[in-house]
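Q: Sequence:
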Amino acid sequence: MTGRRDPEPPPFQPRRPGPPRQNPPQQRPAQPPPQGGPWPPPQRPRGPQPPPGPRQNPPRPNLPQSAQPTRRLPPVPPAPTQRPQQAPTQHPQQVPGQLPRQAPPPPQPPRDPSLRTRRPPPAPPSTPSTARRPKPAAPRPASAPPPAGETPKKPKRRWIKRTLALLLALLLVAAGGLVAGTFWVDQKLNRIPALTAYPDRPAAADGVTWLLVGSDSRQTLSEAQQNDLATGGDMGDGRTDTMLLVHLPGLGSDTPATMVSIPRDSYLEIPGYGSDKINAAFALGGAALLAQTVEQATGLRLDHYVEVGFGGFAELVDALGGVTLCPAEPIDDPLAGINLPAGCQDLDGRSALGFVRSRATPRADLDRMVNQRAFLSAILAKAQSPSTWLNPGRWFSAPQAAVNALTVDENARAWDLARLGWSLRDAVTVTVPIGQLTWSSSGDVVIWDDEAAAALFAALGADQPIPQSVLDAQP
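full-length UniProt numbering applies: residue 1 is where the sequence shown begins, and numbers increase by one.
I should point out that these hints are in silico values taken from the structure, not numbers from a laboratory.
A couple of the hints might just be wrong.
As the list claims (entries may be wrong) - Quick list of the computed label-pair ranges, beta carbon to beta carbon:
1. Trp395 <-> Trp439: 50 to 60 Å
2. Cys326 <-> Gln384: 16 to 26 Å
3. Pro199 <-> Gln345: 42 to 52 Å
4. Ala342 <-> Arg425: 21 to 31 Å
5. Gln464 <-> Arg157: 46 to 56 Å
Idealized CB from N, CA, C, for every residue including glycine.
Model the full assembly from the supplied sequences, consistent with the hints where possible.
A: As structure tokens, then:
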């Protein structure tokens, strides 16, 4: 090769080893090299790569102006001081996708922005690239959808919350109504001075002792009510058909409540009147004399007194929707106005009153005391049953009937009555031990077994269980 320079490049120049052919540098502002610099062979770039651009043909040698192909460029007026520049040729080693084999060429000055053409965005490649590219992470959903076949939990939780809120509201309404009803009953109760002070009155014992009395007075009954209830004619102040001594243990005691029946024909000493049947004390001196007679006979101090009359008794049973009783034998008593078969049956107020008054049974008054205790347990169970509390029609009728039926001492409160009824659910029921049945100027009378009766009342006063000897001696 001589030093002579060819006037123009050959039509095709194959790739030769050695430095690549470079165009003469032009006076253009220097452009900083791209960050990172060229990639050293044979290293490949890491990370995602842009899609390859359109394929370009190798550059052609410089030809005369008439032989060059026409390029579709917008007309650009030439600069007054510079001649129009031709599009720079691209070296074969600068073809996209091909890496240089030798040292990279010096940085090219930037092209004139007026000569640059705007290319449309390249279309996505039809075939996937063979180069390994990291897959873009899929967007993470806000919440994973529930598996197939499972129902979402949000509606179920919402339904549970609404149900609990409704139940809580109902409980609050029921509690508020219960408190308001209790105070209303407490204000309406009929109170009398039944428990009075007197010399040598027994001292207070453990627990709470009640005297429950059923009066046969007809003074508050009309003639129509007397006929309907089969109570007979007017008997003045009346006597006590039912007497129950109830002892409630103190707080923290394991002793159950005890309900003791006192026979109405018990022959006892009545203060100021001598010996007589205990039911005569009510007719002679009312509730106060009856309470004093019971206290002196038992040695127990009474804390509260409650009395139920004929009319209020029947009204209370009807207000609760009747009561279920199970007589062991048929009871046919025209005087009490009942004819009941044996077995469990629902009784209204009139039939229930005849059931607790009747003595038309083989053991007469002893069977009647058993029936009275059975009725008291049944009426308390009915008052505490859901059929009563969930029936809005009884929310007023039952308290109103209780107010009309009950007469209490001056210190008794409605919540004391509520505790009494609650404690008698599992009460132990007994009868005062009987020594003998005899006759006196007052008629047929009952004599207590003094030794067994004293043991019974001593256990109640000490808040202790009933002795087994008393339970074995029950009639």
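Q: For each hint given before, does the structure comply? Return the numbers of the non-compliant ones in rising order.
A: none
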